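Protein chains in written order, with my numbering: chain A, 1 to 367; chain B, 1001 to 1367; chain C, 2001 to 2367; chain D, 3001 to 3076; chain E, 4001 to 4076; chain F, 5001 to 5076.
Worth flagging that the hints you see were computed from the coordinates, not collected in a lab. Nothing here was measured: the structure is a model prediction, and the numbers come from that model. The C-beta atom is built at its ideal place from N, Cα and C for all residues, glycine as well. Watch out, some of these pointers could steer you wrong.
[Stated by the list, open to error] These stretches of chain B come out as covered by chain A in the derived footprint (C-beta under 8 Å, 3 or more residues): (1) 1067 to 1073; (2) 1214 to 1225; (3) 1230 to 1242.
[To be verified] Stretches of chain C that chain E covers, calculated by requiring three or more beta carbons in the stretch to come under 8 Å of a beta carbon on chain E: (4) 2079 to 2093; (5) 2112 to 2122; (6) 2198 to 2207; (7) 2345 to 2353; (8) 2358 to 2365.
Each chain, written out:
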Amino acid sequence: MGIANLTWGQALMMGVGGVLIYLAIAKKFEPLLLVPIGFGALLSNIPVAGIGGHDGMIGQIYIVGVETGVFPLLIFMGVGALTDFGALIARPSTLLLGAAAQFGIFATLIGAVALNFVPGFDFSLQDASAIAIIGGADGPTAIFLASRLAPELLGAIAVAAYSYMALVPIIQPPIMRALTTEQERAVVMQQLRPVSRLERMLFPFVVLLLCAALLPSAAPLIGMLTFGNLLRECGVVERLSRAAQNEIINIVTIMLGLAVGSKLSADKFLTLETLGILLLGALAFSIGTAAGVIMGKIMHRVTGGKVNPLIGAAGVSAVPMAARVVNRVGLEADHHNFLLMHAMGPNVAGVIGSAVAAGILLALTGT
Amino acid sequence: MGIANLTWGQALMMGVGGVLIYLAIAKKFEPLLLVPIGFGALLSNIPVAGIGGHDGMIGQIYIVGVETGVFPLLIFMGVGALTDFGALIARPSTLLLGAAAQFGIFATLIGAVALNFVPGFDFSLQDASAIAIIGGADGPTAIFLASRLAPELLGAIAVAAYSYMALVPIIQPPIMRALTTEQERAVVMQQLRPVSRLERMLFPFVVLLLCAALLPSAAPLIGMLTFGNLLRECGVVERLSRAAQNEIINIVTIMLGLAVGSKLSADKFLTLETLGILLLGALAFSIGTAAGVIMGKIMHRVTGGKVNPLIGAAGVSAVPMAARVVNRVGLEADHHNFLLMHAMGPNVAGVIGSAVAAGILLALTGT
Amino acid sequence: MGIANLTWGQALMMGVGGVLIYLAIAKKFEPLLLVPIGFGALLSNIPVAGIGGHDGMIGQIYIVGVETGVFPLLIFMGVGALTDFGALIARPSTLLLGAAAQFGIFATLIGAVALNFVPGFDFSLQDASAIAIIGGADGPTAIFLASRLAPELLGAIAVAAYSYMALVPIIQPPIMRALTTEQERAVVMQQLRPVSRLERMLFPFVVLLLCAALLPSAAPLIGMLTFGNLLRECGVVERLSRAAQNEIINIVTIMLGLAVGSKLSADKFLTLETLGILLLGALAFSIGTAAGVIMGKIMHRVTGGKVNPLIGAAGVSAVPMAARVVNRVGLEADHHNFLLMHAMGPNVAGVIGSAVAAGILLALTGT
Amino acid sequence: MIGESLWLMLIGMSIVFAFLMLLVVLLRGMSWFAARVAPVERLDSSAAALPSGGAVAQTDVIAVITAAVAHYRARH
Amino acid sequence: MIGESLWLMLIGMSIVFAFLMLLVVLLRGMSWFAARVAPVERLDSSAAALPSGGAVAQTDVIAVITAAVAHYRARH
Amino acid sequence: MIGESLWLMLIGMSIVFAFLMLLVVLLRGMSWFAARVAPVERLDSSAAALPSGGAVAQTDVIAVITAAVAHYRARH
Ligand code: NA
Ligand code: NA
Ligand code: NA
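Working from the sequences, and respecting the hints, build out all of it.
Shown next as structure tokens:
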């Protein structure tokens, strides 16, 4: 009988799994990952069965795909194949917004270390770095970094990252409104210039070579992202591009979700650390958003009012949700001002920015 | 020269592989699995090449996918994503028909043990359990259990399971006719009520939680089945549902078939045991069908004639063939009585029933 | 900083990777493989990151898929599922053209051994065999054989094989024109008879059984090729055929390309051996083409002028490019003479021929 | 071993029937429950309404996890 | 090693030609066979007729395996 | 550790900004370069013209690799 061996922790974690699935289905909360993660938590907490254990099916998937880092990197390849970097190429200055929003990551790092003053917390610098990356608002990056720096926190970090990404439409607008004036929010931006096919094809190489030259520790992430993007843009490997955008990313998402779910065990998840991680995650998103908007305001000044500071909020990534939030808040100020395309630049810049930040944390705190 | 090293056993097994492929193609005998199994047998019995051996390609696929249990479980996920449990939800009492039909499994278990009285047979209780599951009429369940309890019999058990599943249209009708009266077979059943989306979404959780509470050893099978079904029914992960129904199940079917085929070697397949397994397999299907029909007759009495006892035969699973057979035999008695939808309930109940039976055998005879 | 650790060799190899990608995109040079190979070379030569190393992502893909031989064999399965052998079945005598063209392989073997007289070269017989197979003009066969006989040369061999396959439209025509008369090139061939479904289904078995009987060392290659072709032709496993032709081959192509690219390291690629391999590769293609055309001339004589000797050039395989080249050169001689269908027979015969040659080399020089 | 297998049959069929009969009861309960909440929580419509009204509910995940942690720690 | 490679060329080309010439013969035989049985065993039509008439043939698998086992055991 | 993390923030944000500002410059350069070569090297049209005119360019791969090997060997 399973129920006779059921511990309180397992029961609670099955409840957590159920809640994640409920929110994924009923509230459309990042369902592609939270449904498999939640179900993985359910399966792995079934007493006696040991599905998430070393010899269990999900445990084996974890070893093959997550410990090696292969699954998040394959997802990043798919993200590259699915992402249109045109808006960024047309207006490269939006990269600065993507850079500023990474402040959320590094501020959270300090927050995590500061939390050690509270009794019961004992985060190492590696732990703090893995937690901080939640502020990057990028699921595969967070899972990749956590699998490298703090595997025992991986479950909580992944859940926090995807939960807050789903909460972007609630977390961001008040911050955006608080930091900008009505007038700033109403700024209409100049239309983006068209981008040639050659520019699109050169883009992945420029990004990769800069990364190879300056920050090799980010090369796995940036490398797979740019590889996927090259498959998309080069125009001669349509079959492979479709495979990266569909088959591979779908199959890996199912496996990755189940594997991450197997880390939602009571002894690792129902801890004070998890509460700290949830707290810090909210902090990270808020600070990242604020930093992005403030950089937007600076660019607004410098350009003589050509930049709408709202688009800075999209720099946290969370593609494409953050860009849609920008669009929505912009429409509140002026019903004819569509900022979506303008926010896509900082939005995809945020993906590169957080991969860069992950590379920095890996290089400076990794063993 | 390969032919100089060809043993009689290899030649015969290549013949067996050829026959399986012939029946798969010419007679549409479960072709999706018997074509790869048959070809796997051909390839693995090529002398000298060692394709099915430890270092050979198919041998490696076996180690990675079958020994670990991952392949049959992924197929079960696909089955869950492909199966509509609506008929079962609309009339849960048909689960009793699915329960009764599992009698075929346990009667066969006794038969396998009894066969030990015949000189030359020496089945352990594990062997007998793995053989008995053929009566479950469910390919991935049989392969999963055999890989756990009796790997050396896996080839014969898989071939017997798929062969008899293909023989369902021949094995079942005489038994169904012998056990029912013309009047019983002509019973027209009440139309099924519609099932809401919420019910469909809750169904996998109810099944999984019951399994977790009472029978954790069945949790890998039931878990992946219900996970696949949730992907199908939750409506927010269409991409993943399609991946489970197509890419994953197709790729795994090819690999699983080849891997199972590599177990069709003369020393393990051309044995007295295989003849016993074939004999017991026929017994298992016949007894399962009879038990299902008898339970159908009991429900016919208890409900005052509302249940057509024929639908009990669909309780062996073999989805959807057994349900079609029920429909055909029902039409013989009354040309306007379509039982297909009514037989789908016990049919999918049989899938759950045999996974439960597999869990019981694993818990009680596994090491 | 990556750039501080960049060696000259790595910089040059990144340049080589870039050139491969440039040619793949700008010149449509076998892009499906050269884009991933080139990008794999870029990623693997990033200093410090170690992506192609033993613990790196691409290094792990290499171990799992290339060292085991699984990836090239899965691609060969896809080739089988994509290839229509109808033209060969309709006119089996074209197999002789496929046989003759393999002379390029064995002549190159002598060339490689002879190169040892030049100071700086020291090819073993295994090395020479793996180099010679470039003349087979078949990518997966070359990668499979190189992974078995000369893993340290794999990068150079794969790049040479795909490069020369892309160069087929430049290498072949002058040789074809030099060896044939205007009159021969203008020969109009008899239309091919229709081929029945039964013949198409029996074909893979005939090829496989002959291979099993005479040359088991070619059985992995021929086995997966014929398995893929049976999935295509048997007509009852449409799902699996589509999976082999699309999902599996696309996913494996991406992985195989990256993995092969990781072997493009300076110490293994920027060697005198690579120059020798490039030289020998050109030799192999030229001799293979010449041998095919000469056999075409012999068949022209023997059949009393019914065979256009140009179709012999298609015997090197490089499906379907070599057949298109034949068609083009044929049209130069007679603007109404379409040789494409007639060249498809020797073209697919060349695939079987080079797999047979690979089996011979493996049996005679493998350890 | 015959005795053992007879016992296996008895216990096995009992568990199978017990399991599936319990499932009958649970599925009936589930359908009753679904029918009751269906008018309240029409998943389709709530999902459609998300962009504007789903905000408050989404913070639930944090609240639920916090409660679960508190509960668990209270017992250890 | 030059001698060895020359020998490899000779033996190799001989096997390639022997193999593919044998394949020519076998494919001719296959086509002849297919033409003969085609009117008898039109696979498409037999498959289409399966639901009603395919019953007897399907029991073949059991018979064939039984015969194979008997054959094999007789020799060991 | 607070000091360490402060230092991490400083160095981290500096690298992020340095990296992405450098990328701004490189992307501007890239677009300038693309605009310059675009009329010369219209990839689409060159690809379309391949069957007849692409011949010479294709031999480049051999030339480039040969040059790279020579270069590398000269330094070792
Ligand atoms: Na980000
Ligand atoms: Na069953
Ligand atoms: Na060839």
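Can you take a look at whether the region 2345 to 2353 of chain C is actually covered by chain E? Rule is 3+ residues, C-beta closer than 8 Å.
holds (count 3)
Are at least 3 residues of the region 1230 to 1242 of chain B within less than 8 Å of chain A when you compare beta carbons?
holds (count 9)
At least three residues with a C-beta closer than 8 Å to a C-beta of chain E: is that true for the region 2112 to 2122 of chain C?
Check passed, 4 qualifying residues.
Per the coverage rule (Cβ-Cβ under 8 Å, at least three residues), is the region 2079 to 2093 of chain C covered by chain E?
holds (count 4)
Check, residue by residue, whether the region 1067 to 1073 of chain B contains three or more positions whose beta-carbon lies closer than 8 Å to a beta-carbon of chain A, and give the verdict.
Answer holds; 4 residues pass the 8 Å Cβ test.
Are three or more residues of the region 1214 to 1225 of chain B within 8 Å, CB to CB, of chain A?
holds (count 8)
Can you tell me if the region 2198 to 2207 of chain C counts as covered by chain E, using C-beta to C-beta distances under 8 Å and a minimum of three residues?
holds (count 7)
Given coverage of the region 2358 to 2365 of chain C by chain E, tested with a Cβ cutoff of 8 Å and a minimum of 3 residues:
Holds, because 4 residues of the region 2358 to 2365 of chain C bring their Cβ atoms closer than 8 Å to Cβ atoms of chain E.
Checked against the numbered hints given earlier, this structure breaks none of them.
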